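Residue numbers (this note's numbering), protein chains in the order written: chain A, 1 to 506; chain B, 1 to 143; chain C, 1 to 498.
Calculated directly from the structure, the hints in this document are not laboratory data. Just so it is clear, the structure is predicted and the values come from calculations on it, not from any experiment. Just so it is clear, CB atoms sit at the ideal spot from N, CA and C, and this is done for glycine as well. Heads up, a few of these hints could be off.
[Said to hold, decoys possible] Think about it this way: if two alpha-carbon atoms lie no more than 27 Å apart in a straight line, the pair counts; the simulated BS3-like pairs of lysine-lysine are: (1) 64/C with 374/A; (2) 64/C with 485/A; (3) 374/A with 161/C; (4) 453/A with 361/C.
[To be verified] Some chain A residues well away from chain C (every beta-carbon gap over 12 Å; in silico): (5) 10; (6) 108; (7) 156; (8) 304; (9) 338; (10) 393.
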Amino acid sequence: MFFNNHFSVLLVVLPLMAAPICVILRSSKASWLVALISNLVIVLLSLSLLSHVINGNVVRYELGGWAAPTGIEYYIDGINAILISVVSIISLATLVYSKQSIRKEIAQPRHYLFYAGWLLCLTGLLGILITGDAFNVFVFLEISSLSMYMLIALGRERRQALVAAFRYLILGSIGASFILLGIGFLYAATGTLNMSDIAERLPLVNGSRTVIVGFSFITIGLLIKTAMFPVFSWLPNAYQFAPSAVSSFLAGTATKVSLYIFLRFFYHVFGTDYSFGNLLLGNILLPLAVVGFFVMSVVAVFQTDIRRVLAYSSIAQIGYIFAAISMATEQGLTAGIIHIINHAFIKTALFISVGCILYRYGTANINQLGGIMKSMPWTCAAFIIAGLSLIGVPLTAGFVSKWYLISAAIDSGWWLIAAMILMSSLMAIIYIGRIVEVFCFKNSEAEGVAKVKEAPFSMLLPLWFLIIVSVYTGINGDVVVDLAKFSATQLLDNLPGLNNPVGNPL
Amino acid sequence: MVEWLAFYNDWAVIVIMMAGFYIMIARYNLVKKIIGLSIFQTGIFYFYVGLGKVDNGTAPIFLEPKVIDESAANVASGIAEQTILYSNPLPHVLILTAIVVGVATMALGLALIVRIYEKYGSIEEDDIQAIDSQFICQLDDKK
Amino acid sequence: MSITVDPIITILPPLLAIPFIVFFGERYRNLREASIIVAACILFSFNFFLYQQFLEGALLQSEKFTFFNGLTLFLKAEPIGIIFGLLASFLWIVTTIYSIGYMRGHNEAHQTRFYTCFAIAIACVMAAAYSGNLLTLFVAYEAITLSTYPLVTHAGHAKAKRAGRIYIGVLMGGSIFLLMPALIVTWWLTGTTDFVAGGVFNEVNISPLFVTLLLCLMVFGTGKAALMPFHGWLPNAMVAPTPVSALLHAVAVVKTGVFLIIKIVVYIFGFDLIAQTNAAEILLYFAAGTILLSSFIALKKDNLKARLAYSTIGQLAYIVLAALIANARAIEGAALHIVSHAFGKITLFFCAGAIMVASHKTLVSELAGLGRKMPYTFAAFFIAAISIIGLPPLVGVLSKFVIIEGIIDSQYDWLIIVLIISSLLNIAYLLPIPFTAFFKEAPIDSVGANTHSVIKEAPTACLIAISITATGCLVLFFQIEPIVHLLSFIETASNTGE
């Protein structure tokens with residue numbers, strides 16, 4: 001595929017430039033078109049980047065021609081190239097979907113602001129993924145978070161959406177501030193902000209208390225941002241009350257990008273041996289992760305709003321990913337990355353299908369949706385397939401994830417963890433099965449729902465696109481598995497640093 | 001004791017941050033929460049500012065060689081006379097960005113509070129919660 | 001060995017029938033049902049073709065499809081699979097004929113959906129029968145669960161919903177919670193999930209306790225085999241229309257479960273490993289317990305279909321028991337019992353459905369005197385009951401005989417007593433049904449008229465199907481040789497064919 005080094009910076013510049021254009025245009029349709037076209041270009045760029053990086057190249061782009069570590073550097077290897085593609089594809093799909101869905105949720109005159117916010121959020125997410133500079137991570141994190149708060153506040157149930165956005169703002173800012181503080185400590189210890197540079201200099205100050213403090217602050221900040229088990233409270237409300245397009249986008253990307261920061265910092269910057277060997281990060285994360293995915297799966301069973309079920313399920317899935325990556329083995333890391341990718345597609349598809357139901361019925365309350373399979377067969381079929389994938393039925397993407405998660409746990413000798421993962425899958429059968437049962441059968445003879453039309457084509461198209469992607473990656477699992485394996489080995493090996501661009505095997 | 005006091009700027013950071021953090025947790029008033037957040041972030045700004053400060057360093061402005069600061073420290077360290085001791089400008093620049101972000105966060109938070117006040121008629125978190133749960137109860141009654 | 005035939009041809013006919021079924025729909029229901037019968041006949045002939053090719057020594061294997069990480073999916077025919085495929089496809093023809101009578105006679109709704117899901121389920125059963133490795137079998141197993149869910153909940157009322165919940169919960173939950181980890185462990189230990197004669201664990205060093213655990217995971221994870229305490233779904237699934245109960249819950253679905261167990265015993269663990277480690281002993285107690293307990297429960301059930309369901313659980317446990325004894329003779333007995341029980345139990349279910357269509361009666365106690373109104377149905381019921389009990393000249397006696405031979409070859413002689421007691425119990429719960437129907441007087445209503453006066457014999461289509469399967473029980477007794485011959489090709493480490 002055609003590739004140019006400047007592509008990397010375009011990924012950030014393009015949405016950043018498109019956002020003010022949307023504001024200038026002030027028209028719903030035109031700004032949608034601008035957003036769509038820029039997003040389409042981003043998808044193409046990201047795929048080109050991926051095909052370049054997957055051959056073992058590492059893209060390093062010096063911003064403004066200033067060489068690192070003086071200047072800011074964009075740094076792209078396997079893991080972020082993959083996630084850039086995932087995020088931009090999901091953004092494209094949800095953007096297509098948003099055109100119809102926000103009609104019922106946001107007043108027409110505000111649409112252009114919605115798209116501008118969307119593009120800014122995309123800028124932030126892509127920026128986090130692309131940059132090789134620790135402070136830049138914070139800046140992009142705040143760009144994406146601020147626009148995300150704004151997007152959430154636009155939600156359909158205006159009142160609760162505002163409160164949800166406010167709570168997310170408080171918690172998200174605390175998380176980001178902790179990350180900022182941690183980065184400050186790292187800078188104090190090493191005198192550089194370039195991540196590869198920090199990685200090279202950290203061994204020189206190994207064991208320094210400054211580094212440990214920075215490490216702890218970054219860990220806690222990221223746990224809040226990823227909505228890891230004890231600090232997840234912002235997530236359910238945000239997912240439930242945000243406009244459906246936003247919650248689909250959020251579910252697929254926001255926490256995944258935070259997870260990427262986690263991988264980048266603890267595997268690359270601090271180094272696997274330091275994070276998991278010296279500081280025993282795995283011992284702290286694993287219990288939290290296991291309790292997290294188990295408890296959250298149980299909580300998901302008792303929710304009445306489908307979006308809330310999916311939100312708690314998301315927290316549980318993050319628990320899976322954390323459990324996998326805290327094993328700090330190649331198997332575990334591969335499993336984690338596979339699940340990051342697969343879950344991004346699955347969860348977005350689930351949220352979009354719930355959005356379609358919301359669009360027609362105006363409610364996602366499980367008690368008011370008896371027998372809607374008849375009215376909306378395509379939407380419900382998509383929900384069922386994605387749900388099966390979440391459970392981990394064979395021939396869906398979820399099966400590949402589960403297979404790897406469990407074999408990684410067994411490989412590390414953690415039989416109990418494997419059993420817990422399976423128990424939590426049983427919970428998934430219950431909470432998905434419960435919804436599917438409601439979709440298929442009327443609640444009672446008296447209370448049938450009104451007959452409505454199937455969701456519009458422009459909403460079904462992205463939905464089924466995601467479903468096909470997740471089924472395809474389930475049948476031909478090697479596509480995702482190979483990518484994940486590649487980036488996992490790259491993260492675990494000593495990555496090419498600043499002074500030795502080739503990288504040295506440990 | 002004296003060693004402790006030597007880190008007075010770090011102590012200040014800790015006190016300011018924790019004060020802000022406490023406000024955010026303990027106060028139900030949304031505006032106070034934002035104030036707390038702002039104080040919390042200010043603590044971090046101080047930390048960065050303190051990080052860049054070098055004892056006896058001047059502001060990092062390029063000066064003509066004539067006007068060197070001939071302080072004893074410089075002479076003693078044997079550095080050529082023309083060197084000037086600067087504070088490290090980088091953390092200060094960084095924190096300018098963070099301050100901007102902080103201002104944006106505060107602005108957005110306040111905007112949300114204005115909206116919340118319009119919808120709920122209150123900016124007390126427990127009031128809002130009460131109104132929401134009442135609303136849900138009403139929905140249940142309708143069913 | 002020059003010819004290669006791809007067993008995938010057996011999956012295609014039912015799938016290709018689906019567009020026709022949907023296209024013809026309710027409007028042209030004769031055409032719809034005709035297309036199913038055509039597909040079923042084609043399917044049977046394909047299976048028969050595979051059978052012939054197998055005897056001629058052709059290689060019956062599909063190309064390997066790479067799943068991920070070196071895992072493959074592929075089909076490969078072997079004797080037990082061929083028997084299972086032939087059986088399921090033949091009975092699909094019969095069941096379709098029966099369904100025509102039953103579904104129309106009963107005025108069931110959503111018949112197109114019913115036939116579509118049925119066809120998908122059959123396709124999945126074929127994939128299971130000819131699966132070349134454990135992963136393929138696992139995938140097919142899950143697909144069967146999913147495709148039969150709409151059939152179980154066909155009626156859509158609260159009871160059906162509850163049954164569907166238990167169905168998915170036990171079958172899918174069991175397979176994901178127990179079978180899948182066992183599969184992953186097998187893969188993790190050996191790097192393969194292929195069915196290998198003599199087992200795959202020869203190369204690795206594992207403790208007897210571990211083998212026992214793994215075997216327990218697989219056997220209990222196979223919820224479809226309905227080994228107690230994982231049997232609860234089967235009686236509940238009887239709320240489905242009778243053709244479903246007959247073909248799927250007496251033949252195809254449950255037999256997939258026991259088929260899976262036979263396959264893992266023969267091709268994953270191998271006889272030697274099970275004999276050395278004594279891994280199956282604890283499971284044999286469970287199987288024996290299931291045989292006796294289910295028979296006692298069946299005795300107490302007044303609902304005809306429920307009684308048959310518990311009888312099915314008991315008979316499945318025979319097969320599981322025979323498989324777990326793990327010697328060549330017992331495996332042969334297990335395979336034969338799959339066939340003999342299939343013909344017997346499908347006939348019984350057909351009769352139960354016919355009685356329901358004709359008289360709307362579902363309880364055993366209501367059947368008094370009905371035999372004179374429905375002589376053909378009850379005659380067939382009687383024949384099938386005799387076969388299940390295991391009396392000559394019906395096929396049931398042969399399979400029981402071979403299973404007992406297998407037990408004698410093994411170290412578990414006490415199991416013979418279990419089988420004998422169970423046969424006596426079979427008599428006790430099956431034979432009273434035709435006897436009540438034939439010899440008890442029909443109840444008289446208040447006016448003094450016979451309450452059965454308006455009842456007629458079941459629809460013709462049903463009768464045709466019933467007579468075919470009942471005749472099957474008889475014919476197979478005399479013509480069992482081809483199946484036994486086929487079974488002699490089973491490759492095991494200890495007994496490498498003839």
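Checked hints:
About 39 Å separates the Cα atoms of residue 64/C and residue 374/A, which puts this hinted pair outside 27 Å; it is violated. Straight-line distance between C-alpha atoms of residue 64/C and residue 485/A comes to about 23 Å, which keeps the hinted pair within the 27 Å bound. Using a Cα cut-off of 27 Å, the hinted pair residue 374/A and residue 161/C holds, with the two alpha carbons roughly 17 Å apart. Taking the CA atoms of residue 453/A and residue 361/C, the gap is about 42 Å. The hint is violated against a cut of 27 Å.
The beta carbon of residue 10/A sits about 33 Å from the closest Cβ of chain C, which is more than 12 Å, so the claim that it is off the interface holds. Here residue 108/A stays apart from chain C, with its beta-carbon at least about 41 Å from theirs, past the 12 Å limit. The beta carbon of residue 156/A is kept farther than 12 Å from every beta carbon of chain C, the shortest such distance being approximately 31 Å. Every CB of chain C is more than 12 Å from the CB of residue 304/A (nearest about 18 Å), matching its label as outside the interface.
The Cβ of residue 338/A does not lie farther than 12 Å from every Cβ of chain C; its closest approach is about 9 Å, which violates its non-interface assignment. Non-interface call for residue 393/A relative to chain C: violated, since the shortest CB-CB distance, roughly 5 Å, does not exceed 12 Å.
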